[in-house]
Amino acid sequence: MDFAIPLNPDAPLPMYRQIYEGLRHKILAGKLAPGQRVPSTRSLSEYLKVSRNTVAQSYAQLLSEGYFQAIVGSGTFVCRQIPADLSEATLPQPTQLPHQHNRSLSTYGESLVDFNPFVPPDPSAAISFRYGRPALDEFPQAIWRQLLSRHCRSQRDALDYNPDLLGHRPLRQAIADYLERSRQVCCHPDCIAIVSGSQQAIDLTARIFINRGDTVAIENPGYLGAKQAFAAQGASLCPISVDELGIVVEELPKFALSPTKLIYVTPSHQFPTGAVMSLSRRLELLTWAQARGALIIEDDYDSEYRYGERPIPALKELDRNDAVLYMGTFSKVLFPALRIGYLVLPPDLVDVFCHAKWLADRQSPLLEQYVLTDFIAEGHLERHIRRMRNLYDRRRQALVQALSKYFARQASIMGENAGMHVMMQLNLLLSDEEILARAVQVGVGITNASPYYLKNSCRGQFILGYTELNESQIEEGIYRLSKVLKV
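Numbers 1 to 487, taken from full-length UniProt numbering, label the letters of the sequence shown in order.
Hints were generated in silico from the structure; no laboratory data involved. Some hints could be false.
Calculated pairs, DSS-like style, for lysine-lysine (alpha carbon to alpha carbon, straight line, at most 30 Å) [to be verified]:
id: 1; residue 1: K455; residue 2: K254
id: 2; residue 1: K49; residue 2: K26
id: 3; residue 1: K455; residue 2: K261
Quick list of simulated restraints, FRET-style, between CB atoms [stated by the list, open to error]:
id: 4; residue 1: L224; residue 2: L245; range: 17 to 25 Å
id: 5; residue 1: R52; residue 2: P163; range: 54 to 62 Å
id: 6; residue 1: A377; residue 2: R156; range: 15 to 23 Å
id: 7; residue 1: P12; residue 2: L430; range: 38 to 46 Å
id: 8; residue 1: S40; residue 2: G109; range: 47 to 55 Å
id: 9; residue 1: Y307; residue 2: P346; range: 28 to 36 Å
Please read these numbers as outputs of a predicted model, since none were measured by experiment. No residue lacks a Cβ here, since even glycine has one placed at the ideal position from N, Cα and C.
Just need the whole structure built from these sequences, with the hints factored in.
Printed below as a string of structure tokens:
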């Protein structure tokens with residue numbers, strides 16, 4: 001039998017793996033018969049002109065997987081359990097596998113076939129104005145590492161299941177205290193549920209409340225993750241316009257065949273326009289929802305960053321009839337990989353959310369909850385937010401000044417002096433596609449706002465995140481854009 005195996009020393013596959021694959025292929029193709037003796041590692045290494053250790057490594061892999069068997073005093077043989085008549089023809093070929101379109105997906109699965117999770121700027125851009133990403137190099141890793149080490153040494157419970165379906169109670173207490181101080185939201189810890197980020201909060205809400213055909217009102221433009229989560233559950237989406245005072249409440253349906261069950265809003269810093277909902281609009285929205293038994297989902301994703309003045313109170317602070325489900329996340333103020341968010345629930349919804357969370361993933365990671373509890377309770381969170389608020393304020397000012405310097409009146413910023421991104425209106429004679437293409441040419445990544453509209457999108461609107469770029473990068477990026485767009 002021929003033991004010749006084509007070897008390529010320049011291939012990315014290690015040499016021992018090439019020998020293993022070659023011998024395995026010969027066995028499966030019937031070129032090496034069951035029970036046949038194979039050369040010693042020394043003989044094959046001399047034949048293939050490779051080191052003996054390389055061949056020994058290949059043999060060890062074949063022995064462990066049952067292709068070879070070693071008999072003490074006799075040598076190494078092809079395993080006798082390999083069928084003698086095995087041939088290439090019996091090996092499954094890619095063309096013989098069942099086609100994917102023969103599988104039957106659920107309605108939910110079908111809705112995800114063309115799903116686009118995110119519309120990011122060009123990932124290869126040298127200067128990327130990605131939004132929603134904190135300045136990770138400014139995160140106090142030494143403090144976090146110290147707290148993590150503390151609980152790794154002392155908390156065996158952090159490695160186990162959490163019997164509390166709402167999440168680690170000391171963390172819920174710390175969040176309740178923090179929300180009262182920072183957002184004027186008074187809530188009991190037993191009405192707070194810990195979730196794996198705000199996206200899970202939205203997904204659980206959609207699963208719990210939406211039947212196919214139910215009406216959900218959303219901001220237009222608005223957060224893609226919410227729109228897609230509601231649509232995946234079969235909701236009928238009702239886009240409501242946003243102006244400089246927030247969602248236009250008078251556009252909410254007064255009479256409909258399918259009553260509006262949910263209203264999703266970002267009142268403290270509307271995504272993506274940056275508008276802040278006025279007090280009169282907030283009261284109007286609460287009145288509308290209470291009169292119809294609708295639930296308002298308040299996504300308070302980056303309200304900590306309001307520059308020049310204190311953050312305004314949450315919509316939840318005005319709620320006297322449990323019409324608001326309030327959600328927040330630590331992904332923006334700390335780091336995205338933390339994946340810890342929270343829901344402030346009306347008391348009558350606590351149990352059902354507990355059960356939905358348990359079915360989804362049992363619990364969010366406990367060790368991180370222990371660490372985050374100390375991070376909040378010891379004051380590190382609010383010190384970090386104050387420091388980042390000053391840093392982001394400077395970066396936002398750098399962006400505003402650069403746009404004014406290089407674009408003059410051809411670019412304007414929408415929304416309030418807050419958040420981690422701005423929405424820019426460009427008044428140019430170029431299409432959005434041409435603007436994006438030219439930005440890529442000079443290594444600048446920006447996000448077109450059109451996909452965030454359900455209807456009536458506006459030309460020339462782009463989202464610019466600035467929090468992870470320093471002032472020099474921000475000015476250089478805007479300068480490059482102005483040159484390539486021939487402003």
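Measuring from beta carbon to beta carbon, are S40 and G109 in 47 to 55 Å? holds, 54 Å
For the pair supplied as a hint, K455 and K254, confirm whether the alpha-carbon distance does not exceed 30 Å. holds, 20 Å
Beta-carbon spacing of R52 to P163 - inside the hinted bounds 54 to 62 Å or not: With Cβ atoms ~56 Å apart, the hint holds.
Could you check the hint for me, namely that A377 and R156 are 15 to 23 Å apart, CB to CB? holds, 21 Å
I want to verify a distance hint. Is the separation of the beta carbons of L224 and L245 within 17 to 25 Å? With Cβ atoms ~23 Å apart, the hint holds.
Honestly, do Y307 and P346 meet the 28 to 36 Å range at C-beta? 32 Å Cβ-Cβ, so the 28 to 36 Å window holds.
Restraint status (C-alpha distance of K49 to K26 at most 30 Å): holds, 19 Å
Outcome for the supplied range 38 to 46 Å, where the beta carbon pair is P12 and L430: holds, 43 Å
Measure nothing beyond the straight line between the CA atoms of K455 and K261; if it is 30 Å or shorter, mark the hint as holding. holds, 21 Å
Figure legend: structure checked against the earlier numbered hints; every hint is met.
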